[in-house]
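K.L.:
For reference, the chains in residue letters:
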Amino acid sequence: RKEVEQDPGPFNVPEGATVAFNCTYSNSASQSFFWYRQDCRKEPKLLMSVYSSGNEDGRFTAQLNRASQYISLLIRDSKLSDSATYLCAVKSRGYQKVTFGTGTKLQVIP
Amino acid sequence: GAGVSQTPSNKVTEKGKYVELRCDPISGHTALYWYRQSLGQGPEFLIYFQGTGAADDSGLPNDRFFAVRPEGSVSTLKIQRTERGDSAVYLCASSQGVGTGGHNEQFFGPGTRLTVL
Numbered sequence: 001r002k003e004v005e006q007d008p009g010p011f012n013v014p015e016g017a018t019v020a021f022n023c024t025y026s027n028s029a030s031q032s033f034f035w036y037r038q039d040c041r042k043e044p045k046l047l048m049s050v051y052s053s054g055n056e057d058g059r060f061t062a063q064l065n066r067a068s069q070y071i072s073l074l075i076r077d078s079k080l081s082d083s084a085t086y087l088c089a090v091k092s093r094g095y096q097k098v099t100f101g102t103g104t105k106l107q108v109i110p
Numbered sequence: 001g002a003g004v005s006q007t008p009s010n011k012v013t014e015k016g017k018y019v020e021l022r023c024d025p026i027s028g029h030t031a032l033y034w035y036r037q038s039l040g041q042g043p044e045f046l047i048y049f050q051g052t053g054a055a056d057d058s059g060l061p062n063d064r065f066f067a068v069r070p071e072g073s074v075s076t077l078k079i080q081r082t083e084r085g086d087s088a089v090y091l092c093a094s095s096q097g098v099g100t101g102g103h104n105e106q107f108f109g110p111g112t113r114l115t116v117l
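Keeping their order, the protein sequence lines are chains A and B. Under the working numbering, the first residue of the first sequence carries the number 1, and numbering increases by one thereafter. Under the working numbering, the first residue of the second sequence carries the number 1, and numbering increases by one thereafter.
The hints are simulated quantities; they were obtained by calculation from the structure and are not laboratory data. The beta-carbon is built from N, C-alpha and C at its ideal position, and this holds for glycine as well. Keep in mind that the hints are not guaranteed to be accurate.
To be verified - FRET-style restraints, in silico, Cβ to Cβ:
1. A:SER68 / B:THR76: 39 to 45 Å
2. A:LYS2 / B:GLY72: 48 to 54 Å
3. B:ASN62 / A:LEU74: 37 to 43 Å
4. B:GLY72 / A:GLN69: 32 to 38 Å
5. B:GLU20 / A:SER52: 40 to 46 Å
Claimed, not checked - DSBU-like, lysine-lysine: derived pairs with alpha carbons at most 30 Å apart:
6. A:LYS42 / A:LYS79
7. A:LYS42 / A:LYS2
8. A:LYS97 / A:LYS2
9. B:LYS17 / B:LYS78
10. B:LYS78 / A:LYS42
11. B:LYS11 / A:LYS42
12. A:LYS105 / A:LYS42
13. A:LYS79 / A:LYS105
14. A:LYS45 / B:LYS78
15. B:LYS17 / A:LYS79
16. A:LYS79 / A:LYS45
17. B:LYS11 / A:LYS45
18. A:LYS105 / B:LYS17
19. A:LYS105 / A:LYS45
20. A:LYS97 / B:LYS78
21. B:LYS78 / B:LYS15
22. A:LYS42 / A:LYS97
23. A:LYS97 / A:LYS45
24. A:LYS105 / A:LYS2
25. A:LYS45 / A:LYS2
26. B:LYS17 / A:LYS97
27. B:LYS11 / A:LYS105
28. A:LYS97 / B:LYS11
29. B:LYS78 / B:LYS11
30. B:LYS15 / A:LYS79
Model the full assembly from the supplied sequences, consistent with the hints where possible.
P.N.:
The structure is reproduced here in structure tokens:
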């Protein structure tokens, strides 16, 4: 089983739709969680860190479920510019290396 | 301020050659990371520096790969006797470092696309 798993998609959604991605992790010692956005042939850009209580940044909401070992990203009112690959990333307690999922591709359609 | 920079942006080399990839982290960031990313995959961890020392090199695939950070700022990833399977995008990231609070988020450079013919 991979340490971090994501549905690769693609998720094709119309503009204005709400879309959610999940990411599961296998290491119960995981401590820090992140969502990154990556555009084609570009570097990953940090979208948001995921806090235990959940956090929101504009149209984006991240949640952590430690019991079931997954994190989620919800995007409301999707824009064409949200089209990208969304990578989840996990860091374990005591370590600084980050383990990434393979990413979920989102395509927002006009 | 300036972000992480990497040079060259593209490198084409022949099988068996030696290559060096350079990373200049965000000013003031003490932690530096190297990852590589193949098509359709997420970044794969290679090595992490805290200051000048390699704190975790568990991701280096074999002894052909080596990285240095002699003055605690710029880092060079060195690959000897390159193989076609080394072709990937090599990403560098930096962060403020351990003990600075928060999640120690990592910020990536634009990467070096390495092609081994």
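K.L.:
Hints first: check each against the structure and report whether it holds.
P.N.:
Hints versus structure:
Separation of SER68 (chain A) from THR76 (chain B) is about 42 Å and conforms to the stated range, judged on CB atoms against 39 to 45 Å. Between LYS2 (chain A) and GLY72 (chain B) the Cβ separation comes to about 34 Å, which falls outside the hinted range of 48 to 54 Å. Between ASN62 (chain B) and LEU74 (chain A) the beta carbons are some 41 Å apart, a value that agrees with the proposed interval 37 to 43 Å. In this structure the supplied range 32 to 38 Å holds for GLY72 (chain B) paired with GLN69 (chain A), their Cβ-Cβ distance being about 36 Å.
The given range of 40 to 46 Å is respected by GLU20 (chain B) and SER52 (chain A), whose C-beta atoms sit roughly 41 Å from each other. Straight-line distance between C-alpha atoms of LYS42 (chain A) and LYS79 (chain A) comes to about 19 Å, which keeps the hinted pair within the 30 Å bound. Proposed proximity of LYS42 (chain A) and LYS2 (chain A) is supported: the alpha carbons are some 24 Å apart, at most 30 Å. Our distance criterion of 30 Å between C-alpha atoms is met by LYS97 (chain A) and LYS2 (chain A), whose separation comes to about 16 Å.
Pair hint LYS17 (chain B) plus LYS78 (chain B) holds up; C-alpha atoms about 11 Å apart against a cutoff of 30 Å. For the hint linking LYS78 (chain B) to LYS42 (chain A), the alpha-carbon distance of about 22 Å falls within 30 Å, and the restraint holds. In summary, the hint linking LYS11 (chain B) to LYS42 (chain A) is supported, as the alpha carbons are separated by about 16 Å, within the 30 Å threshold. Taken as a hint, the LYS105 (chain A) and LYS42 (chain A) pair is honoured in the structure, with Cα atoms around 14 Å apart against an allowance of 30 Å.
Under the criterion of a C-alpha separation no larger than 30 Å, the hint pairing LYS79 (chain A) with LYS105 (chain A) is consistent with the structure, at around 14 Å. A threshold of 30 Å between alpha carbons decides the hint, and for LYS45 (chain A) with LYS78 (chain B) the separation of about 25 Å falls inside it, so the pair holds. The straight-line distance between the Cα atoms of LYS17 (chain B) and LYS79 (chain A) is roughly 45 Å, outside the 30 Å bound, and the hint therefore fails. With a CA separation close to 18 Å, the supplied pair LYS79 (chain A) and LYS45 (chain A) stays within the 30 Å bound.
Under the criterion of a C-alpha separation no larger than 30 Å, the hint pairing LYS11 (chain B) with LYS45 (chain A) is consistent with the structure, at around 23 Å. A C-alpha spacing of about 35 Å is found between LYS105 (chain A) and LYS17 (chain B), which places the hinted pair above 30 Å, so the restraint is violated. The hinted pair formed by LYS105 (chain A) and LYS45 (chain A) meets the criterion: a straight-line CA distance of about 15 Å does not exceed 30 Å. Among the hinted pairs, LYS97 (chain A) with LYS78 (chain B) is consistent with the structure: their alpha-carbon atoms are about 20 Å apart, no more than 30 Å.
Proximity of LYS78 (chain B) to LYS15 (chain B) is assessed by CA-CA distance (about 14 Å); at most 30 Å being required, the pair is judged to hold. Distance check on the hinted pair: LYS42 (chain A) and LYS97 (chain A) sit about 21 Å apart at the alpha-carbon level, within 30 Å; holds. At most 30 Å may separate the alpha-carbon atoms for a hinted pair to count; LYS97 (chain A) and LYS45 (chain A) meet this at roughly 16 Å. Distance check on the hinted pair: LYS105 (chain A) and LYS2 (chain A) sit about 18 Å apart at the alpha-carbon level, within 30 Å; holds.
The hinted pair formed by LYS45 (chain A) and LYS2 (chain A) meets the criterion: a straight-line CA distance of about 23 Å does not exceed 30 Å. Taking the CA atoms of LYS17 (chain B) and LYS97 (chain A), the gap is about 29 Å. The hint holds against a cut of 30 Å. The straight-line distance between the Cα atoms of LYS11 (chain B) and LYS105 (chain A) is roughly 27 Å, inside the 30 Å bound, and the hint therefore holds. Note on LYS97 (chain A) and LYS11 (chain B): the hinted pairing holds, with a Cα-Cα distance of about 26 Å set against a maximum of 30 Å.
Distance hint between LYS78 (chain B) and LYS11 (chain B) is fulfilled; the C-alpha atoms sit about 13 Å from each other, no more than 30 Å. In summary, the hint linking LYS15 (chain B) to LYS79 (chain A) is not supported, as the alpha carbons are separated by about 44 Å, beyond the 30 Å threshold.
Going down the numbered hints, you'll see the structure goes against 2, 15, 18, 30, while the others check out.
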